[in-house]
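Starting from the structure of chain W, add chain R where the hints point.
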Amino acid sequence: MARKMLADGELSQTNKEESRYDFDLFVIGAGSGGVRAARFSANYGAKVGICELPFHPISSEVIGGVGGTCVIRGCVPKKILVYGATFGGEIEDARNYGWEVNEKLDFNWKKLLQKKTNEINRLNEIYKRLLSNAGVKLLEGEGKIVGPNGVEVTQLDGTKLSYSAKHILIATGSRAHRLPIPGQELAITSDEALSLDELPKRAVVFGGGYIAVEFASIWKGLGATVDLFYRKELPLRGFDDEMRAVVAKNLEGRGINLHPQTNLRELIKTDCGIKVVTDHGDELIADAVLFATGRLPNSKRLNLEAVGVELDKTGAVKVDEYSRTNIPSIWAVGDVTNRMNLTPVALMEGTCFSKTVFGGESSKPDYSNIPCAVFSIPPLSVVGLSEEQAIEQANGDVLIFTSTFNPMKNTISGRQERTIMKLVVDEETDKVLGASMCGPDAPEIMQGIAVALKCGATKAQFDSTVGIHPSAAEEFVTMRTVSRRVTACGKPKSNPE
Amino acid sequence: MVSTCLTAPKLSAPTLQTLCRNLPLTLPSSTLYSFSRLLSPSTSRFRHHHVPLQRRCLFSTRSKSGNDAEPLRDYDFDLFTIGAGSGGVRASRFAANFGASVAVCELPFSTISSETTGGVGGTCVLRGCVPKKLMVYASKYSHEFHESNGFGWKYDTKPKHDWSTLVANKNAELQRLTGIYKNILNNAGVTLIEGRGKIVDPHTVDVDGKLYTARHILISVGGRPFIPEIPGSEYAIDSDAALDLSTKPEKVAIVGGGYIALEFAGIFNGLKSEVHVFIRQKKVLRGFDEEIRDFVGDQMSLRGIEFHTEEAPQAIVKSADGSLSLTTNKGTVEGFSHIMFATGRRPNTKNLGLESVGVKTNKNGAIEVDEYSRTTVPSIWAVGDVTDRINLTPVALMEGGALAKTLFQNEPTKPDYRAIPSAVFSQPPIGQVGLTEEQAIKEHGDIDVYTANFRPLKATLSGLPDRVFMKLIVCARTNKVLGLHMCGEDSAEIVQGFAVAVKAGLTKVDFDATVGIHPTSAEEFVTMRTPTRKIRQSPAAEGKMGVEANAAGV
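These protein sequences, in sequence, are chains W and R.
Using this note's numbering, you'd call the opening residue of the first sequence number 1121 and step up by one each time.
Using this note's numbering, you'd call the opening residue of the second sequence number 135 and step up by one each time.
Because the hints were derived from the structure by calculation, they are not lab data.
Yeah, the Cβ is synthetic: ideal placement off N, Cα and C, and Gly gets one too.
Mixed in with the good hints, there may be bad ones.
Said to hold, decoys possible - Facing chain R, according to a computed beta carbon distance under 7 Å, are these residues of chain W, among others: (1) N1222; (2) K1529; (3) A1570; (4) K1574; (5) C1575; (6) G1576.
Unchecked claim - Under the rule of at most 20 Å between Cα atoms (straight-line distance), these lysine to aspartate or glutamate pairs were calculated in the EDC-like manner: (7) K288(R) <-> D1226(W); (8) K1389(W) <-> E1312(W); (9) K484(R) <-> E440(R); (10) K288(R) <-> E1212(W); (11) K1235(W) <-> D1144(W); (12) K292(R) <-> D1226(W); (13) K406(R) <-> D1226(W); (14) K294(R) <-> D1213(W); (15) K294(R) <-> E1212(W); (16) K1224(W) <-> E278(R); (17) K464(R) <-> E440(R); (18) K1231(W) <-> E278(R); (19) K294(R) <-> E1223(W); (20) K406(R) <-> E1312(W).
Only chain W is shown next, with the shape it has when bound in the complex (with noise of 0.2 Å):
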């Protein structure tokens, strides 16, 4: 990602007539949504400056850094980990294949640690430099709002600098967050997960999110003991239910030890490791216990009550579909926002931003057809509609397209995990209205799909398109017959399995 960001170089200054304002824009977080619209605005020829935390891996009040969550705390350090999993299956599946690997393979997770950490600082680094180049001004401290127009920067000595800018930009990201039970400070949050000293033997993973199925996913791969806790029947609230089964199944058959609908009652701290007590009443014994239990936006030191900016109840910035809050010179894009947390959507807000107020271009993030993965092993990813979304809103009868194989690499490893893949169909219009896919390269597999699916692509469309031979991915295109069709009231009408 860093690397796409370097390819738009220097920026030509159009300077513009002098303005009352020390900056045009000021932003206020330097992660995936700050810097993107920090260096677009600045390309549009405006004066920007940008102001971040210290960098340091785990993030709190006063620690953060260029590059923000994703690249320090979120998907790039996780991906790797996810990487350094993923060769634990991958030795067991060689074996079939005629490998003679030593039974007992030695990790060493310091070694992958330090590598991460290399590559986290070099990433930030080049964040910086993609500010520096872009012309955009980086100030290392805290931000605060003082006024529509003004903001103060506390640097790291205490000294206070204070500007004024036309356009305020907020987009300090949000944080883990921790459950407020007995023992919680025992507890880690996906940030010191991704930078523990030491391996955890031992692992309790509390959350049905993503993250905490990819953390259970990165200590599984490399060994660990891991039960994995969630409050619903299933993990991964909110996707497609027949994929979140096959996730669950999928987890279990990695050896991950699953407690669904059980909540963590207490931690305490014993000479043996973290006793875990669950409101089933059950006990165990973990190294780590992890919360991904949430995370919450950093609204709360911004000083936004002074300025009148509105929050919604969870401490989110309310923001119009251009991303502008209440108070017409303060804007705000990413996960302060709560809108949908990913990254590559935060780009599309800052961009937008960018254009909106920079370019002379009112343009709104479109948030429809937004693919996202899950890197858990293996991995899901999905685009458009669940088939319980389409069934709500569809106006005819949706037809479910499914296909659930055994994988080519599997016939030889002997692996017993099968891939699924769906395509949800509005019968009506042949509109493909969802894809989703829980399979290894899943999210590679995925992207392709949604530029079709971001175009309305029809199900004709995908079956006139040839397939790649032998792929996994060529089952989206050979689909021809329903497995399902579901009425817009929401019963099968006919069900052949």
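Coordinates of chain R only, in the frame set by chain W:
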């Protein structure tokens, strides 16, 4: 899924396994098709695609009569297919599903094809896509072990590969698949005849002395590797043999620069052979996008494969110690345990009786067909590699499916050859759809080219020199994406979805409107904002784009 399998199993291992599981349920439908044949001897007026299963089951008790010739018929079969590979099986099954009575003949199973051996499943399943991909999976692990070092994994002793385990497991899988194929035909009510088919007259096929008459004859006998005659060429092996070697080749020469040569180079290199590739041209993969050709050659060299360019083979000599030497126009390289020729494939059109019945072949021996796959003899048709159109399994499937519709569903259907995606399972692999840059310039003149050449996240950690190259070719006038090319990990999987978009005629704006999936390699294709170059017929706008492009990209 069950119902999907009734009509649409595709010719790949994944689905086949699902099929196998579901076989009991497929029976009612095939008996229905038998029943419908009684009603409508030659062409079914009914479309069974969407008949609910419940209805199908009602019929199932009534008809057990299957493939016996019926009194109303002039012919033994509505369709007689010669060759049970991808195209033949697809056409036969679909024809049977549309109500036709169908027979297919195929040579006895062997991993090595010849005039007298073949096997149900054909090249794809027995000597092509499937075994090749299994070997690719096996060979990729050595790279993965390498990568994993960078992620903290350590091996006390270096992983060693045992060739015989791989070959045994691979062959067991092929046996399983050929069995499944037979079941598929059987379940569709197609009569399978083992033996060599030869056309006697426009409506008669001779299989090892027994004559069968048919309203239509389909030739789908595929192609076979071809080794040019040079001194010592008898010591060379082809891809059939290369997929079934009993021991690991220590040092192998691969002659050829096409996709088969590159795939085997990757396989042998990954399985720790010393690999030399000899190509006539300056670059590998003639016909592919020039930048892809350069890129894949570089990446493969970095993985240890030695390319000998502009070298044509002239002779092979076997020395006293049994090792082979290859002489080319540039010199001699000695000490090969194996020399593999991947120098093209030829249609299997010899001894089919084509000349006598008047089926025309072109100078390569490929059967000439019209847009509906009809030969010069109106009752004889041909699909797949034997017609040498685009020699890919999914294309043979498309041709076979189209033919069944044309003949037995009153729906004349031409295969559509536009925007057919394909992959090369080299290491790293290539995926592509649509036009190359060179073709696009020729056909459309003004184009914008977007490229990305980057080190993927995995490589920054592994420390290996792996890179990814991606390319979008856009029509400057219509904004349509004309071509999409990629070389790098997961290319084949990544390109499939984009192929839907390219086939649907989507524009660069549509690509740009799509949000990325982060972090993936594939997201590059929707985040290419600045053209690398704009190519214009008018000299004024020609050449590399600098500042101008940047301004346009923001």
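Of the numbered hints stated previously, which ones are contradicted by the structure, given in increasing order?
6, 9, 11, 13 and 20
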